[in-house]
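J.: Sequences listed follow chains Y and B, in order. In case it helps, my numbering puts the first sequence at residues 10 to 449. In case it helps, my numbering puts the second sequence at residues 10 to 449.
Hints were generated in silico from the structure; no laboratory data involved. Take the hints with a grain of salt, since some may be wrong.
[Stated by the list, open to error] With a straight-line Cα cutoff of 27 Å, these simulated DSSO-like cross-link-like pairs (lysine-lysine) come out:
| id | chain 1 | residue 1 | chain 2 | residue 2 |
| --- | --- | --- | --- | --- |
| 1 | Y | Lys64 | Y | Lys200 |
| 2 | Y | Lys75 | B | Lys79 |
| 3 | B | Lys75 | Y | Lys64 |
| 4 | B | Lys79 | Y | Lys64 |
| 5 | Y | Lys372 | Y | Lys395 |
| 6 | B | Lys79 | Y | Lys79 |
| 7 | B | Lys304 | B | Lys344 |
| 8 | Y | Lys71 | Y | Lys200 |
| 9 | B | Lys200 | B | Lys64 |
| 10 | Y | Lys203 | Y | Lys344 |
| 11 | Y | Lys79 | B | Lys64 |
| 12 | B | Lys203 | Y | Lys75 |
| 13 | B | Lys200 | B | Lys304 |
| 14 | B | Lys304 | B | Lys203 |
| 15 | Y | Lys75 | B | Lys64 |
| 16 | B | Lys79 | Y | Lys71 |
| 17 | B | Lys75 | Y | Lys79 |
| 18 | B | Lys75 | Y | Lys75 |
| 19 | Y | Lys203 | Y | Lys304 |
| 20 | Y | Lys347 | Y | Lys394 |
| 21 | Y | Lys71 | Y | Lys203 |
| 22 | Y | Lys79 | B | Lys71 |
| 23 | B | Lys424 | B | Lys394 |
| 24 | B | Lys75 | Y | Lys71 |
[Unchecked claim] A few chain Y residues that don't get close to chain B, going by computed Cβ distances all over 12 Å:
| id | residue |
| --- | --- |
| 25 | Lys64 |
| 26 | Gln223 |
| 27 | Ile232 |
| 28 | Glu237 |
| 29 | Glu265 |
| 30 | Gly323 |
| 31 | Arg337 |
| 32 | Leu348 |
| 33 | Pro363 |
| 34 | Ala383 |
| 35 | Lys424 |
The C-beta atom is built at its ideal place from N, Cα and C for all residues, glycine as well.
Number of protein chains: 2
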Amino acid sequence: MSVQARLFQGTRDILPEELLPRQELVAALTRTFESYGFAPLETPAMEFLDILLGKYGDEGDKLLYKLAYKGGEVLALRYDLTVPLSRVVAMNPELPLPFKRYQIQPVWRGDRPQPAQGRYREFIQCDVDTVGSASMAADAENVAVVDAGIRALGLTEFVVRINHRRLLRGLVEAAGLNASQEASVLRSVDKLDKIGMEGVQAELTAGGIAADAQRALLELMDISGSPEEVLRNVETRVGGSEAALQGIRELRELLEYSAALGVDPARVSVDLHLTRGLDYYTGPVYEVALTSIEKFGSLGGGGRYDDLMSLYGGAPIPATGVSIGLSRVLSALLKLGKLTMRSSPANALVMRMPDAAATEGLKLCTELRTAGVACELYYDADRLKKQFLFAERKGIPCAVILGGNEIAAGTVTLKHLPTGVQETLPRAALAARIQVLTQR
Amino acid sequence: MSVQARLFQGTRDILPEELLPRQELVAALTRTFESYGFAPLETPAMEFLDILLGKYGDEGDKLLYKLAYKGGEVLALRYDLTVPLSRVVAMNPELPLPFKRYQIQPVWRGDRPQPAQGRYREFIQCDVDTVGSASMAADAENVAVVDAGIRALGLTEFVVRINHRRLLRGLVEAAGLNASQEASVLRSVDKLDKIGMEGVQAELTAGGIAADAQRALLELMDISGSPEEVLRNVETRVGGSEAALQGIRELRELLEYSAALGVDPARVSVDLHLTRGLDYYTGPVYEVALTSIEKFGSLGGGGRYDDLMSLYGGAPIPATGVSIGLSRVLSALLKLGKLTMRSSPANALVMRMPDAAATEGLKLCTELRTAGVACELYYDADRLKKQFLFAERKGIPCAVILGGNEIAAGTVTLKHLPTGVQETLPRAALAARIQVLTQR
Chain Y
10 MSVQARLFQG TRDILPEELL PRQELVAALT RTFESYGFAP LETPAMEFLD ILLGKYGDEG
70 DKLLYKLAYK GGEVLALRYD LTVPLSRVVA MNPELPLPFK RYQIQPVWRG DRPQPAQGRY
130 REFIQCDVDT VGSASMAADA ENVAVVDAGI RALGLTEFVV RINHRRLLRG LVEAAGLNAS
190 QEASVLRSVD KLDKIGMEGV QAELTAGGIA ADAQRALLEL MDISGSPEEV LRNVETRVGG
250 SEAALQGIRE LRELLEYSAA LGVDPARVSV DLHLTRGLDY YTGPVYEVAL TSIEKFGSLG
310 GGGRYDDLMS LYGGAPIPAT GVSIGLSRVL SALLKLGKLT MRSSPANALV MRMPDAAATE
370 GLKLCTELRT AGVACELYYD ADRLKKQFLF AERKGIPCAV ILGGNEIAAG TVTLKHLPTG
430 VQETLPRAAL AARIQVLTQR
Chain B
10 MSVQARLFQG TRDILPEELL PRQELVAALT RTFESYGFAP LETPAMEFLD ILLGKYGDEG
70 DKLLYKLAYK GGEVLALRYD LTVPLSRVVA MNPELPLPFK RYQIQPVWRG DRPQPAQGRY
130 REFIQCDVDT VGSASMAADA ENVAVVDAGI RALGLTEFVV RINHRRLLRG LVEAAGLNAS
190 QEASVLRSVD KLDKIGMEGV QAELTAGGIA ADAQRALLEL MDISGSPEEV LRNVETRVGG
250 SEAALQGIRE LRELLEYSAA LGVDPARVSV DLHLTRGLDY YTGPVYEVAL TSIEKFGSLG
310 GGGRYDDLMS LYGGAPIPAT GVSIGLSRVL SALLKLGKLT MRSSPANALV MRMPDAAATE
370 GLKLCTELRT AGVACELYYD ADRLKKQFLF AERKGIPCAV ILGGNEIAAG TVTLKHLPTG
430 VQETLPRAAL AARIQVLTQR
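Generate the whole structure from the sequences, applying the supplied hints.
T.: The structure is reproduced here in structure tokens:
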């Protein structure tokens with residue numbers, strides 16, 4: 010009796026066609042992260058339930074996947090990478106601080122899956138954090154590493170929007186609102202891109218925020234211009250607020266440092282609407298938006314969170330981090346035609362001819378591999394048409410024919426499938442020719 | 010009230026010091042796999058329980074980690090990578106066969122953890138399989154890809170032991186045992202390395218195998234010499250068995266093909282003791298053993314399993330695969346002193362001098378990164394001694410001093426920490442000098 014093969018809803022297999030480009034993307038990001046001195050970290054999929062509970066709000070607690078371990082529910086699957094980082098820092102007091110780490114691992118959330126929108130219950134997070142420094146240089150590195158990482162992937166048309174939670178506090182105060190209203194007001198403003206200005210105003214009204222306070226706040230947030238223009242303008246408007254002044258001072262530092270790190274100032278804007286909804290941010294916040302596709306939304310973002318790294322006791326440790334949305338980036342690259350989809354890493358299929366032993370084909374494969382060409386042998390002496398079709402279906406660009414005649418003459422016949430061009434050339438020249446044909 | 014930071018027993022964090030070399034190792038293996046045309050696959054951590062139950066024996070079923078999903082236990086965590094592959098093949102009939110894939114993902118088993126022996130409840134598996142071909146060329150590629158992969162990691166002293174399940178059947182028959190005893194006898198013989206000959210004999214005796222049958226079997230298995238000598242010798246002894254003849258014929262083909270794929274024949278031996286305990290193997294089996302460390306055991310192995318890929322219905326699909334023990338390989342490299350342990354990917358720490366702004370250090374970092382040197386800035390103008398200590402603790406080999414004098418003169422001071430040598434050089438020459446000093 011056989012069981013029906015099927016997948017749990019909201020999970021999926023990543024087949025080669027998607028995983029090959031994703032792995033290239035991860036490799037490019039990894040190189041960028043490491044060039045900034047960020048070191049890799051991995052944590053277990055399973056954490057004790059009490060390590061996770063209460064860290065993601067009531068809603069988050071409900072989305073945890075719990076494990077039935079020896080009857081009681083004491084374990085749950087990783088929900089994000091920040092709480093495990095906090096645990097690692099608490100458990101490893103010998104780690105030299107600042108601890109600069111990146112982490113690329115799946116997380117699990119029992120959300121309603123929306124595959125059409127790319128929302129799954131298992132998805133990869135890609136986080137970069139610096140724990141143990143209050144310096145704006147660490148924040149500037151977050152901006153720079155995301156900027157450099159995204160450029161390394163071939164995306165050039167994007168902006169980095171920055172803001173500061175202390176400056177936002179100044180704006181909230183200047184609009185006549187009090188500190189207890191700040192968090193919910195900022196969460197509403199955060200939805201601007203999704204629900205529009207009217208939607209935000211409706212939410213603020215429903216939350217009991219008076220119309221004139223709303224107007225005052227949204228007007229302040231509308232201040233625009235070059236980063237320095239925005240900061241100078243807002244300084245004259247809310248300069249009485251100590252919080253705002255600190256925010257402005259730190260943003261100026263962040264801008265200076267990120268320019269020193271090679272971030273093109275034309276790609277950075279101060280956007281006073283940016284709040285990054287999460288309550289735990291305490292300093293600068295940043296978000297990367299693609300400009301070449303309308304309403305595409307964020308490719309990543311982050312900010313400073315100075316109170317989160319002491320969840321498990323000990324003195325507060327300043328920290329700042331940024332997250333890259335791998336699936337978002339992949340989807341952007343796909344929409345912009347910057348991804349070559351193929352389901353095989355091989356650049357050549359050595360075909361199996363009826364008048365040549367498999368050994369001959371394997372030897373040719375070995376020669377190609379030694380010269381750096383990824384290739385595979387078609388095992389069986391099937392009809393040539395079937396072999397060509399196999400190469401096409403797997404997206405292998407070159408087919409190589411090595412029959413009895415070719416072996417005797419020391420030649421091979423090469424067909425480049427995308428153009429259909431066929432040529433006969435000396436066997437020793439094959440690898441170099443394939444490399445020219447398949448250069449990307 | 011804060012919760013105590015702790016880990017579930019049998020799980021662990023992989024800190025940078027271990028993860029940096031492991032990532033290099035995975036990258037080298039990935040390049041090798043792809044050069045053979047193997048494509049990457051990832052499957053979800055969670056599978057429906059009935060997809061996994063009954064595939065790993067009663068013992069395995071008990072070791073599954075089950076998820077409490079909406080009250081009932083219907084999900085479990087991935088236990089290996091072979092069963093998910095079988096499910097993927099069943100669910101994707103459009104996949105061109107043979108489907109050559111590699112998969113490097115964690116699996117979870119509720120075993121008793123033995124951290125001292127490197128046994129954890131969460132560990133990485135690294136599998137390479139070819140589904141949909143009965144050709145011995147596919148088996149030879151398994152041998153070749155493991156051989157090339159392990160050599161790419163810098164290990165040279167190892168042997169690939171090969172054998173064949175059909176040949177083993179011939180030996181079992183020749184020893185006067187019947188087919189129903191085969192599986193348990195082979196499982197006992199498989200433990201030879203672990204429990205010694207006396208242990209194996211004791212187990213066979215306990216299993217009701219008569220002393221003369223044991224003697225006959227173990228004597229046959231002792232046949233040694235070059236691969237062809239072993240095959241010729243055994244052919245004369247058990248040549249009456251159709252199973253044995255098929256095994257011998259296929260092993261000869263495998264040996265010929267693996268030589269064509271560049272595997273040094275001196276590194277391959279036919280070892281008639283090798284059984285690879287698992288019941289599901291049906292053809293050739295292989296195992297890689299390190300020879301430079303005594304009793305180190307296997308670095309990986311695999312074989313042909315022609316009945317496993319139809320677990321979820323459909324016609325049987327021939328398949329063959331091999332697994333590399335990542336932790337074993339890492340541990341071997343470590344013991345042989347072939348791994349540089351360091352907890353930072355940076356090759357240079359740009360120190361922060363009291364008479365130079367952070368911006369200056371960040372600019373120098375940008376110059377180094379542009380030239381391909383991974384580096385980081387020490388953020389705070391702490392005492393130099395503290396900054397040097399930080400570089401040492403993180404294993405960063407070069408410390409760079411850029412103070413007011415250096416900036417004015419266009420120079421930098423470079424200290425190579427492992428040797429203590431300090432030099433002053435033109436700023437433009439720094440990156441190249443660090444590259445020379447840190448070449449590995």
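J.: The structure should be examined with respect to each hint, and the outcome stated for every one.
T.: The hints, checked one at a time:
1. Y:Lys64 <-> Y:Lys200: holds, 22 Å
2. Y:Lys75 <-> B:Lys79: holds, 10 Å
3. B:Lys75 <-> Y:Lys64: Distance ~24 Å between B:Lys75 and Y:Lys64 Cα, so the pair holds.
4. B:Lys79 <-> Y:Lys64: holds, 22 Å
5. Y:Lys372 <-> Y:Lys395: holds, 22 Å
6. B:Lys79 <-> Y:Lys79: Cα-Cα ~18 Å, so holds.
7. B:Lys304 <-> B:Lys344: holds, 13 Å
8. Y:Lys71 <-> Y:Lys200: holds, 23 Å
9. B:Lys200 <-> B:Lys64: Holds - the C-alpha atoms of B:Lys64 and B:Lys200 are around 22 Å apart, at most 27 Å.
10. Y:Lys203 <-> Y:Lys344: holds, 21 Å
11. Y:Lys79 <-> B:Lys64: holds, 22 Å
12. B:Lys203 <-> Y:Lys75: violated, 38 Å
13. B:Lys200 <-> B:Lys304: holds, 13 Å
14. B:Lys304 <-> B:Lys203: Given pair B:Lys304, B:Lys203 holds - Cα atoms ~9 Å apart, limit 27 Å.
15. Y:Lys75 <-> B:Lys64: Given pair Y:Lys75, B:Lys64 holds - Cα atoms ~24 Å apart, limit 27 Å.
16. B:Lys79 <-> Y:Lys71: This hinted pair holds, its Cα atoms lying about 11 Å apart.
17. B:Lys75 <-> Y:Lys79: At roughly 10 Å apart (the allowed maximum being 27 Å), Y:Lys79 and B:Lys75 satisfy the hint.
18. B:Lys75 <-> Y:Lys75: At roughly 9 Å apart (the allowed maximum being 27 Å), Y:Lys75 and B:Lys75 satisfy the hint.
19. Y:Lys203 <-> Y:Lys304: holds, 9 Å
20. Y:Lys347 <-> Y:Lys394: Since the Cα atoms of Y:Lys347 and Y:Lys394 sit roughly 31 Å apart, the hinted pair is violated (cutoff 27 Å).
21. Y:Lys71 <-> Y:Lys203: holds, 24 Å
22. Y:Lys79 <-> B:Lys71: Measuring from Cα to Cα gives roughly 11 Å; hence the hint holds.
23. B:Lys424 <-> B:Lys394: holds, 13 Å
24. B:Lys75 <-> Y:Lys71: OK: B:Lys75 and Y:Lys71 at ~18 Å, within 27 Å.
25. Lys64: Given that some Cβ of chain B is not farther than 12 Å from that of Y:Lys64, nearest at about 10 Å, it is violated.
26. Gln223: holds, 38 Å
27. Ile232: holds, 26 Å
28. Glu237: holds, 16 Å
29. Glu265: violated, 6 Å
30. Gly323: Violated, because the least Cβ-Cβ distance between Y:Gly323 and chain B comes to about 9 Å, which does not exceed 12 Å.
31. Arg337: With a cut-off of 12 Å, Y:Arg337 remains clear of chain B, as the shortest Cβ separation is near 18 Å.
32. Leu348: Non-interface label on Y:Leu348 holds, nearest chain B Cβ at 15 Å vs cutoff 12 Å.
33. Pro363: holds, 15 Å
34. Ala383: Given a closest Cβ separation of 5 Å, the condition is violated.
35. Lys424: holds, 17 Å
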